[in-house]
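Asker: Add chains B, C and D to chain A, keeping to what the hints say.
Take a look at the letters that make up each chain.
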Amino acid sequence: MPLSRLSSPFLAGTNRVTLQMLQLLAALIPAIIAIVYFFGPSVLITMTLAVVVALLAEAILLRLRNRPLKPFLTDGSAVVTAVLLAIALPPLAPWWLTVTGILFAIIFAKHLYGGLGYNPFNPAMVAYVLLLISFPLEMTTWLPVANLSEHPLDISSAFQFIFNGQLTSSIDTVSGATPLDAMKTQIGLHQIPAYIFQQPVFGLWGGKGWEWINLWLAVGGVFLLYRRVISWHIPVAMLIGLSTISLVTWLIAPELTGSPLFHLISGGTMLGAFFIATDPVTASTTVKGKIVFGAGVGLLTYIIRVWGGYPDGVAFAVLIMNMLVPLIDYYTQPKVYGAVKR
Amino acid sequence: MTDYALILISTILVNNIVLVKFLGLCPFMGVSRKLETAIGMGLATTFVLTLSSISSYLINEYLLAPLGIEFLRTISFIFVIAVVVQFTELVVHKTSPILYQVLGIFLPLITTNCAVLGVALLNVQQGHGFLESALYGFGAAIGFSMVLIIFAAMRERIAVADVPVAFQGAAIGLITAGLMSMAFMGFAGLVHV
Amino acid sequence: MLTAILAITLLALILGLVLGFAAIRFKVEGDPIADQIDKILPQTQCGQCSFAGCRPYAEAIAAGEVDINRCPPGGEATIHALADLLEVEFKPLDEECGVEKPKMLAVIDEDRCIGCTLCIQACPVDAILGAAKHMHTVIASECTGCELCLPPCPVDCIDMVETKPKPNTWRWPDPAHIDLKLGDQP
Amino acid sequence: MTQKLGSFPGGLKLNGQKKRSTQVAIRKMPLSKKLILPLQQHIGEASIPIVSVGDKVLKGQKIAKAEGHVSVALHAPSSGTIIAIDEQPIPHPSGLSALCISIETDGEDQWIKRQPIKDFTEHTEHEIRQLIRDAGIVGLGGAGFPSFIKLNPGVHHHVETLIINGVECEPYITCDDMIMRERAEGILDGIEIMCYALHVKNCVIAIEDNKPEAISALELALGARPHLKETNVVVIPTRYPTGSEKQLIQVVTGKQVPTGGLPIDIGIVSHNVGTTYAIARSIKHGEPLISRIVTVTGREVEHAGNFETLFGTPMHELLEFCGTKRQPEEPFILGGPMMGYNLSGDHLPVTKTANCIIVGVDDGAKASTPLPCIRCGECATACPVSLLPQQLYWHSRAKDLDKAKEYNLFDCIECGCCSYVCPSEIPLVHYFRFAKTEIMNQQQEHAKADIARIRHENRLARLELEQQEKELRQQQRKAALAATQAAKVKQAAELPTEPQTTDSQETQ
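Residue numbers (my numbering), protein chains in the order written: chain A, 1 to 342; chain B, 1 to 193; chain C, 1 to 186; chain D, 1 to 508.
Everything labelled a hint here was simulated from the structure, so no lab data went into it. Small disclaimer: the values here were computed from a predicted structure and weren't measured. Glycine is no exception: its CB is placed at the ideal position from the N, C-alpha and C atoms. Please note that a few of the clues may not be correct.
Said to hold, decoys possible - Simulated DEER-style distance windows between Cβ atoms: (1) D:Thr484 / C:Gly64: 52 to 58 Å; (2) A:Leu55 / B:Thr2: 50 to 56 Å; (3) C:His134 / D:Leu96: 33 to 39 Å; (4) C:Asp109 / D:Glu457: 26 to 32 Å; (5) C:Gly64 / A:Ile60: 54 to 60 Å; (6) D:His123 / C:Asp35: 41 to 47 Å; (7) B:Ala166 / D:Leu460: 30 to 36 Å; (8) C:Phe21 / B:Gly68: 30 to 36 Å; (9) A:Leu225 / D:Pro226: 52 to 58 Å; (10) B:Lys94 / D:His199: 34 to 40 Å.
One chain only, chain A, in its complex shape (with noise of 0.2 Å):
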């Protein structure tokens, strides 16, 4: 019986790189159930329609440089990438913005760097933040859940909406502002964000349904770390980092911006927190390194949120953050059995 493995160790643990992708997207699965109940079903197009294009891009690269192509179709980073993006992108969001948003993702961010595990930024927040930046109008016009659980959204007009833009069923309006949107435009005019919160686009304590939709993911994410997929330093240190810096300027200039909890559970937040910033490839591996890694996406989400110029911070935090990934790593090198002095 031919031995599998060249010199030893002979023996193997279960841990596969598909058991981790497959367990994630799991995790996601409440998420997307909320999403559908309070955006309507377009989000499952816009996922199916990313997935489809993602693997059909990783095969005809694949292809390209001459790889195998089973091992590298069937580890599922494709999909995953893919299903983050579709969650991030506005539901009604057009399908051309989704098909250039996971080419560039799959192109440019990922096999031009060599392919799975090689890239040093998170191709789908590349993808997010070139649509962010290329097509802002797009990528900030939200369907306001107020008027969606009057009349809800089918299938068919979703998907006629998508396709070819214009909107059977009889709601008008289509575009309408994030929570995190309406928070700056407001403060802008130097409301207060108490009365702020009056509007119809809030709900009990962040956007109505973005703060389910949040809730959901971090039952996901709580499900990822007990399945050991994503270790606790990243999330922790993110969200801590987050309501830290939030905490204290909410107290010192409580006009400046919401409170921390509405800060926690609204945009893109836990999203960040335990499916993008923790996706192993880009972010830093080393134990205190993933402390620094998530403070600094965390800090940076609520700077950028606060005195920058887009709404949510997130995508461009965990960028940043990926870019500083090798000096952190270089730094934050643990203490080795015996070593005298660091």
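Answerer: Showing chains B, C and D alone in chain A's frame:
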């Protein structure tokens, strides 16, 4: 006091000399192959940039303006920068010959580095006072060095990545720099200067 | 117009002074780079790089007159090390200087050696033992495999033998090459 | 007396697979026709043969003496005649050959005259160490380091604790377990001798909690020896690789051996239980180390178990004796499944460091194509030495060996935990072994190159000197010639009538 801090933040993060204003790209690509040389180049450029932005302000304020010969501004700035760079080159050659050898052509090249001349001219254009132009020069240099060091660390890692042959070396470097500047656009609007 | 010229000449004067003073104050002697390069070269002193030995080749590289890929005994590893040190692009070995072969040792065939001491004079590292009209032999541990002793030998009794690895000098095979084909390994 | 136990980071919980080979007591492997004894069976210099082909030797007779300080002697495992001293394939990952002594046994198995020592306290520690060295005792835990060196505390070290390593944490291997169960008395004799040689009183016998029979056997034997009250059995939680010397020291004493240092630097000496027993046999019975317990196990082995095997016994005979269904040249593992290496040669001999042979690993890894590293850090969490295997892999793959050294490559104990947990199934340990041998080879090359440079410079200096001397001699000759010519011209001036042509002499 706060507007000095604003100048610093704006030159380092918001309109970073390399990633937003796209100045000083040739040393940025040329010297970022290894981390140690990047740090060396960063220090040399900081020294040169701060010194030259101060001296260019002095010359503009006390030599060109009173005599009304502002049209000589560019030539005299280039002149001063060349002298400062030559001075730095001597210092570096003496203090660490290895850094001198490894920086090689890029040390004298700082003279033609558009960031250095750019900062000097921008100082005059925005009518900065003495301290402001010093801070502006220093901030731009820190911005340049910071991004250069981050980029060098990344390139050391990418150098070993399984990049397609057509893209190895400067090509993947430029793409990475492009993605970095996209990320830096997150800071846009951070400070209204 | 005059003031402009005057101003510029004044400026030139002051700055020229500053530079002159700095040039004297920071005088530099010696060339530490050549030693660094020499440390990397394999010291076979074989001359395949068209220089008399490793030191002259190192000095030529330090002066920038010659390329870093002219050393076949050093092979790829030396070129990579030189490229790293001097921050230049890695270039494959220059075919004209020779091709990289595994390390060889010179062995004298004792039946045919006539004791003419020509190879002793040719050996750059004095690795050949013997005297006129006496048997010659190569000190295996000192021979660098530069093959300079082959041409002068009148009876052509020296031949190059590949060194057989012993268990304690054996090296593990490079896994990067067998990475993707691991499935069908025994 | 439960001592407070330390612990080490990472490590794995593995399925021990021990039951398979502990059902039957230790059996004796019958004498085989031909014994092949490699001269290098230990760490250090190979021993030098002191017999020649054709000599008749008795069982236990020394056939090779130690060479240099780090080396031990080699003895004939059975009586017979030396039939060859030549290069034979030896059990080594390279599959290369090395100098071996081959003995054709005559079947009488006749012992040489032995000098057992009744009371070792009459001898000085130095004599005890010499006896152990002459008996050819090496660490039987797998490394094969000469034991007499680890029994010498040296001048400026005071030994606080002697640790007897009965942990045996690697799956499938049970030779230490069985020796503790059946030969506890011998082990305690060995402990007494070692405590005497090291001037140490506090001795700890470390055993994993998955070996209850061994624990009770040793505690029973200890009960009968009140004078060994400072010696106690410490039960260690089962976790791989607790048995590695540095990790065991961290668990038992909580201290860490400094990098590049030895356990003696922090006052600790550790020996394997098998070595302890062999030391007792060499002193109390005057028997040199000629055989050891080898575990033969695996899915293909019918009567798996532990066998007292003479060194030099060809492995395929041992495998046939245990009823292994194996085709010739089919690979098997020497050592454990985590740290051993695969061999396929049939006539490879059993040596002093062969603790286990496995044919058919049951829960072995499936053949697979490794994916690129996704830097998930699972390997760094599993590493008991807190290294960064993903960075070491990254630099070893890029052949950036200086960087790999910077990340403490040589502290890696090659335990295999990182390869085990890697989700991309990358053979990490193989990369580290490749990088280590590359670095060592590079260091040797640099050392040779430095010597070659010095010899070249000396030669140039010598040629320079000869050149100057030649010129000097030429000048002197020219000066002398000029002087003689001047004298002639003066003479000629006084006797104008006899002109002499002097140029012919010059060209001579």
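Asker: Taking each numbered hint in turn, which are not upheld by the structure, reported in ascending numerical order?
Answerer: 5, 6, 7, 10
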